[in-house]
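Chemist: Sequences and hints are given; from them, build the entire structure.
One line per chain: the protein sequences are F and R, in this order. Just so you know, the numbering used here puts 65 at position 65 of the first sequence, and the rest follows in order with no gaps. Just so you know, the numbering used here puts 124 at position 124 of the second sequence, and the rest follows in order with no gaps.
FYI, nobody ran anything at the bench for these hints, they're computed from the structure. Values in this document were obtained by computation on a predicted structure and should not be read as measured data. C-beta: ideal position from N, C-alpha, C; glycine also. Just so you know, nobody snuck in bad clues.
The following label-pair restraints were derived from C-beta to C-beta distances: (1) F/H150 - R/S153: 25 to 35 Å; (2) R/I2 - F/R39: 50 to 60 Å; (3) F/D50 - R/A136: 35 to 45 Å; (4) R/W78 - F/R39: 23 to 33 Å; (5) F/V45 - R/I2: 52 to 62 Å; (6) F/D211 - R/F227: 49 to 59 Å.
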Amino acid sequence: MPAKGAMDRQQTAPLPAPDTQTGPALSLEGVGFAYPPARRGAAPVEAVADVSLVVEREQIVALVGPSGCGKSTLLELVCGLRAPSAGSVSGDPAVLMPQRDLLLPWFDALDNAGLALRLRPGGSRAAARAGAQATFADFGLTGFERSRPHELSGGMRQRVAFLRTLLSGKPVLCLDEPFGALDALTRAEMRDWLGAALLRDPRTTLLVTHDVEEACVLADRVVVLSPRPARVLASIDVPLPRPRRATDPQLLALRERALEALGA
Amino acid sequence: MIWTLLILAGLLGGWELYARAGNVDDFLLPAPTQVGQALWDDRGLLAHNLRVTALEVAPGIVCALLVGLLLALALHRWPPVRRAVYPLLVGSQAVPIVIVAPLLIVWFGFGIGPKLAIIALVSFFPVVVTTLDALARIDPDQHRLLATLDATSAQRLRHLELPAALPGALSGAKIAVAVAVIGAVFAEYAGSSAGLGNVILQAIPQLETARAYAAVTLLAALAIALFLLLTLAERLLVPWARRDTDWRPR
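Modeler: This is the structure we're talking about:
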């Protein structure tokens, strides 16, 4: 019944179930990307070189690497915001959660969270607000529906941004240093919160971070990238049960391995 | 507010002394008390003409706001058009409005039409400049965010570009208030039967300089009132552009 499928898309199901196709959720083959030269005569800036990566459904893969190594560019390629200059990206549709929350100042928290629902074909403001409201409590945001972004704390803004990302309904989440702008205390809190949220509602996730500990706590696999242009240096499985503690000796050992691969 | 009044009192006092000392003829510079007297004596005439001018300037500013906003959005969206048209817009602002005002009257008659056109013509430009600047300040990451959420071009306009442009357009309109009032005077000079510009035009040859100054006083008051109205519109329409803060630098 194709008509029913079309109807489902327009409903305000708060967290639309990801598509269930066969094959890996995401597959990168020999992906490369170079930025056009900034000035005439300058060389193009190679940001990503020959990255191959397969991500299974509901797997969480952390990408760690030195800052400026091309991690963010890699996520933009996965989300289709840029076209690779070499290789191919295939798989399920992916949504990007940028480093900064980028909440729109003219919308309150509920409007911001429901933005993706409102942008869908046939979406309306009322339906978007209703859809976002349904999950607001799970995100610890109850009571802040009508708050403007500047009235929210950094952690809350980030949670609104994460909810907005989830509500896009795209099966693959690309999180670009989601806690990069937060202070250390809030950061640890948000890390545990995200771990719990993904445990409750598993999603195929690519998590970019420069914090190896964060990567080991959250991910099923940690992929270590080289300085620019980004290449895969190592891929380390993290076969530990959840929830994890950062002080777990096994986790510490894996963290050492990742740091070694980074050359730190 | 108290300081505004004190400064005003000081200026008026100096002016009064200068005029009373007999340095200049009353026909050239009436004393503030004479202007005040004219304001009172001619209150019926002035009130009627103030109404006429206010009903030209207020819609004129609204026209300038809309035209400037739409033009800026178009120029922002199509860079080739911006490169072609923006320099011409800048050049158009150097054309003295007194030269083209009679032409517009000839084309469009003596009604409200040409006056609106003249006022909008002199005041849309600041709106275009401030709106374009506001659009250029949109964070590119914000565009990237809407792209990853699959926003269409129309949705980008509605949810990002228009709200980002509005505070700029209103700032431009505030800048344009003063020129809009002067534009109205020139429009009335070029052809009219009423309005404060018309009052000035008739008072000067009759050597009723105090009445002309009374009309000028009302024009200034009109500009202040429109500025305050636009400030109010800012608070209501774009509350996010204004941050209340209880902190001030010492």
